[in-house]
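Trainee: Sequence:
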Amino acid sequence: MAYQNIEDYGIIGDMNTIALVSLSGSIDWFCYPHFDSPSLFCALLDDEKGGHFKITPETDDFTNKQFYWPETNVLITRFLTPGGVGEIKDFMSLQNPHDKHNVHNHQRLYRIVRQVRGTLSFSMECFPAFNFARDTASCELTEHGAVFHSSSQNLYLSAGTRLEMHQRGCTARFSLSEGETVMFFLQQECSACIAAQPHLNEADDEFHATISFWRNWISQCSYTGRWREMVHRSALTLKLLTFEPTGAIVAAPTCSLPEMIGGGRNWDYRYTWLRDAAFTLYGLLRIGFTGEADKFMGWLEARCHELNPDGSLQVMYGIRGEHVLEEQILSHLKGYRNSSPVRVGNGAYNQLQLDVYGELMDSIYLYNKYGSPISYDLWKHLRKLVDWVCQNWNIPDEGVWEVRGGRKHFVYSKIMCWVAVDRGLRLADKRSFPTDRARWLKVRDEIYEEIMRSGWCEERGAFVQHFGSTTLDAATLIMPLVFFISPTDPRMLSTLDAILQPPLKGGLVSDGLVYRYNIDQSLDGLDGAEGTFNICSFWLVEALTRAGRVDRSRLEQARLMFEQMLGYANHVGLFAEETGPSGKALGNFPQAFTHLALISAAYNLDRALDRK
Numbered sequence: 140m141a142y143q144n145i146e147d148y149g150i151i152g153d154m155n156t157i158a159l160v161s162l163s164g165s166i167d168w169f170c171y172p173h174f175d176s177p178s179l180f181c182a183l184l185d186d187e188k189g190g191h192f193k194i195t196p197e198t199d200d201f202t203n204k205q206f207y208w209p210e211t212n213v214l215i216t217r218f219l220t221p222g223g224v225g226e227i228k229d230f231m232s233l234q235n236p237h238d239k240h241n242v243h244n245h246q247r248l249y250r251i252v253r254q255v256r257g258t259l260s261f262s263m264e265c266f267p268a269f270n271f272a273r274d275t276a277s278c279e280l281t282e283h284g285a286v287f288h289s290s291s292q293n294l295y296l297s298a299g300t301r302l303e304m305h306q307r308g309c310t311a312r313f314s315l316s317e318g319e320t321v322m323f324f325l326q327q328e329c330s331a332c333i334a335a336q337p338h339l340n341e342a343d344d345e346f347h348a349t350i351s352f353w354r355n356w357i358s359q360c361s362y363t364g365r366w367r368e369m370v371h372r373s374a375l376t377l378k379l380l381t382f383e384p385t386g387a388i389v390a391a392p393t394c395s396l397p398e399m400i401g402g403g404r405n406w407d408y409r410y411t412w413l414r415d416a417a418f419t420l421y422g423l424l425r426i427g428f429t430g431e432a433d434k435f436m437g438w439l440e441a442r443c444h445e446l447n448p449d450g451s452l453q454v455m456y457g458i459r460g461e462h463v464l465e466e467q468i469l470s471h472l473k474g475y476r477n478s479s480p481v482r483v484g485n486g487a488y489n490q491l492q493l494d495v496y497g498e499l500m501d502s503i504y505l506y507n508k509y510g511s512p513i514s515y516d517l518w519k520h521l522r523k524l525v526d527w528v529c530q531n532w533n534i535p536d537e538g539v540w541e542v543r544g545g546r547k548h549f550v551y552s553k554i555m556c557w558v559a560v561d562r563g564l565r566l567a568d569k570r571s572f573p574t575d576r577a578r579w580l581k582v583r584d585e586i587y588e589e590i591m592r593s594g595w596c597e598e599r600g601a602f603v604q605h606f607g608s609t610t611l612d613a614a615t616l617i618m619p620l621v622f623f624i625s626p627t628d629p630r631m632l633s634t635l636d637a638i639l640q641p642p643l644k645g646g647l648v649s650d651g652l653v654y655r656y657n658i659d660q661s662l663d664g665l666d667g668a669e670g671t672f673n674i675c676s677f678w679l680v681e682a683l684t685r686a687g688r689v690d691r692s693r694l695e696q697a698r699l700m701f702e703q704m705l706g707y708a709n710h711v712g713l714f715a716e717e718t719g720p721s722g723k724a725l726g727n728f729p730q731a732f733t734h735l736a737l738i739s740a741a742y743n744l745d746r747a748l749d750r751k
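Residue 578 in this note's numbering is what sits at position 439 of the sequence shown, and the numbering runs on without skipping anything.
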């Protein structure tokens, strides 16, 4: 089975996990039952042994279409052939946690095949590869489907047609005439479910219930601006990336998708980074999703109660708050298009990244302002955290990009240390919380002066990556977004102009797409090249938007770049982490951070254009 392009996938999910469904009708990535569980299907990382669940016409003479049922996360894959039109409805049922007695109240992945017109023959292959293809498995056919047994998991596939055994699982061939339907669903093995004959009526009820859930949820969105459809799709994607039991949002549902084909920058993103916090809460609150913001705030508050004895935080945590995320290399998997190594776990969890303190404090400040007032008990933990920043802001760290080339005094890290102290002061003043204001004020001013003195490069006429460097870094675009500096300050405008230059002229922008930094100038300790970072492109849009309040031409430039960026979304509106030189998606997919930045850029750009 040939690898599909990363951008050739839609996603379905149930706020516990996500499956990637290709344009050709194959589920090639599915960790079950949770985001961070070992994979059940991972053909994305090894097209031979990774496993897949594929339903496709038995002809090569077809074209595909894939789209979401409007305002939902129900995915339709349509096949258009000379003999007729067939389609697959893919979705996951949404569990009712209060219905403990319903034997069908399990995580279920539904695949409903329907013949729309004419007659068409289909083939089905269900080849599980348990535990990242490390476990041996057996398949046993039952009256209404098949049971897959492995040492780590047992699964049941219900089928509305006759199955045949295969050495890797089971297969089926079936023909449908106009109006006919065949249903498949996959779930954990359950004796009651195995005994019961699958009913299309039940699947139809689940389909309509799922449609209603997503439509009701997205109706809460308060954004009614110019790019409503893309903002809605980003919001629906973020909801799918939410781990419902705790409210955490994973950075992406995949692991080890490469930042350049054949390269080694392949990471596991199925965890929650604190730096996503400010953008998450800001994005959700700005467009009306206060319930999701409340739940994520609960997850964040729990982390604040788990500070290290010295008052420090981790960079990232597991979706249940796990602290240890040990990195492993799965050498038995080839990697996406032979991009090895395949990594699970993430060794960056024990790095020192000072920026996370600013992002955490900013998110809690925003929540206190737009959500609910925080408690005194939480404030005591935050006060300890800000005291730690006051003591440690001037040490080197690994930085926002999680480099593995040694610690440096990264400018972005210092900016976010300033944010941590600044938001701490604002919270204390707004809520009259007790703290050592004199010390915090003194440190905040020291950080500011040091950034202006050591983070500015007169030679480049720009803020740079780290103290003493001449390398540009797109992370400095955050400065006006967190109110560190005026968006029209001459230094900020000069930095914008430097970044906006193409790479051949020393800048970071290639036709509106933004690189993090020049990897030839920055010794990040990593091999291989990378694409442009989509979040950086949206940061540039927002920085230009804010500068455009005075200079109309920059506002027009921001709009042009934003709408150009929307054109790099895939066919169902999803973004990966990066965009490659050929315009193809790179990195883990879809990327929460990218969709958060899209929402923020759309909100602020729309508001700025309305003020004209």
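For the record, the hints were derived by calculation from the structure and aren't laboratory data. One or more of the hints may lead you astray.
Unchecked claim - Quick list of in silico lysine-lysine cross-link-like pairs, BS3-like style, CA-CA up to 25 Å:
#	residue 1	residue 2
1	K434	K508
2	K204	K523
3	K523	K473
4	K581	K523
5	K508	K547
6	K473	K188
7	K519	K473
8	K434	K547
9	K473	K204
10	K378	K204
11	K473	K193
12	K508	K523
13	K193	K723
14	K434	K378
15	K569	K523
16	K508	K519
Claimed, not checked - Computed beta-carbon distance windows for the label pairs:
#	residue 1	residue 2	range
17	H305	G222	22 to 28 Å
18	R307	D200	54 to 60 Å
19	R307	P642	22 to 28 Å
20	H347	D628	53 to 59 Å
21	P642	A141	31 to 37 Å
22	T258	S176	22 to 28 Å
Where a beta carbon is used, it is the ideal one built from N, C-alpha and C, also for glycine.
Trainee: Give a verdict on every hint.
Mentor: These are the hints, each one checked on the structure:
1. About 16 Å separates the Cα atoms of K434 and K508, which keeps this hinted pair within 25 Å; it holds.
2. Distance hint between K204 and K523 is unfulfilled; the C-alpha atoms sit about 54 Å from each other, more than 25 Å.
3. Under the criterion of a C-alpha separation no larger than 25 Å, the hint pairing K523 with K473 is inconsistent with the structure, at around 46 Å.
4. With a C-alpha separation of about 17 Å, the suggested pairing of K581 with K523 holds against the 25 Å cut-off.
5. The hinted pair formed by K508 and K547 fails the criterion: a straight-line CA distance of about 34 Å is larger than 25 Å.
6. For the hint pairing K473 with K188, the CA-to-CA distance comes to about 9 Å; that is within 25 Å, so the pair holds.
7. For the suggested pair K519 and K473, the alpha carbons sit about 49 Å apart, so the restraint of at most 25 Å is broken.
8. Distance restraint check for K434 and K547: the Cα-Cα separation of roughly 35 Å exceeds the 25 Å cut-off, and the hinted pair is therefore not satisfied.
9. Taking the CA atoms of K473 and K204, the gap is near 29 Å; set against the 25 Å cutoff, the hint is violated.
10. At roughly 24 Å between alpha-carbon atoms, K378 and K204 fall within 25 Å of each other, so this suggested pair holds.
11. As the CA atoms of K473 and K193 are separated by approximately 20 Å, the hinted pair is consistent with the 25 Å bound.
12. In summary, the hint linking K508 to K523 is supported, as the alpha carbons are separated by about 21 Å, within the 25 Å threshold.
13. A threshold of 25 Å between alpha carbons decides the hint, and for K193 with K723 the separation of about 23 Å falls inside it, so the pair holds.
14. At roughly 12 Å between alpha-carbon atoms, K434 and K378 fall within 25 Å of each other, so this suggested pair holds.
15. For the suggested pair K569 and K523, the alpha carbons sit about 18 Å apart, so the restraint of at most 25 Å is met.
16. As the CA atoms of K508 and K519 are separated by approximately 18 Å, the hinted pair is consistent with the 25 Å bound.
17. Range check, H305 to G222: Cβ separation about 26 Å, and the 22 to 28 Å hint holds.
18. Between R307 and D200 the CB atoms are about 27 Å apart, so this pair departs from the stated range of 54 to 60 Å.
19. Restraint check, R307 to P642: a C-beta distance of roughly 45 Å breaks the suggested window 22 to 28 Å.
20. In this structure the hint that H347 and D628 lie 53 to 59 Å apart at CB holds, the actual value being about 54 Å.
21. As the Cβ distance of P642 to A141 is approximately 32 Å, the hint placing it in 31 to 37 Å holds.
22. Evaluation of the 22 to 28 Å hint for T258 and S176 yields a failure: the beta carbon distance comes to about 39 Å.
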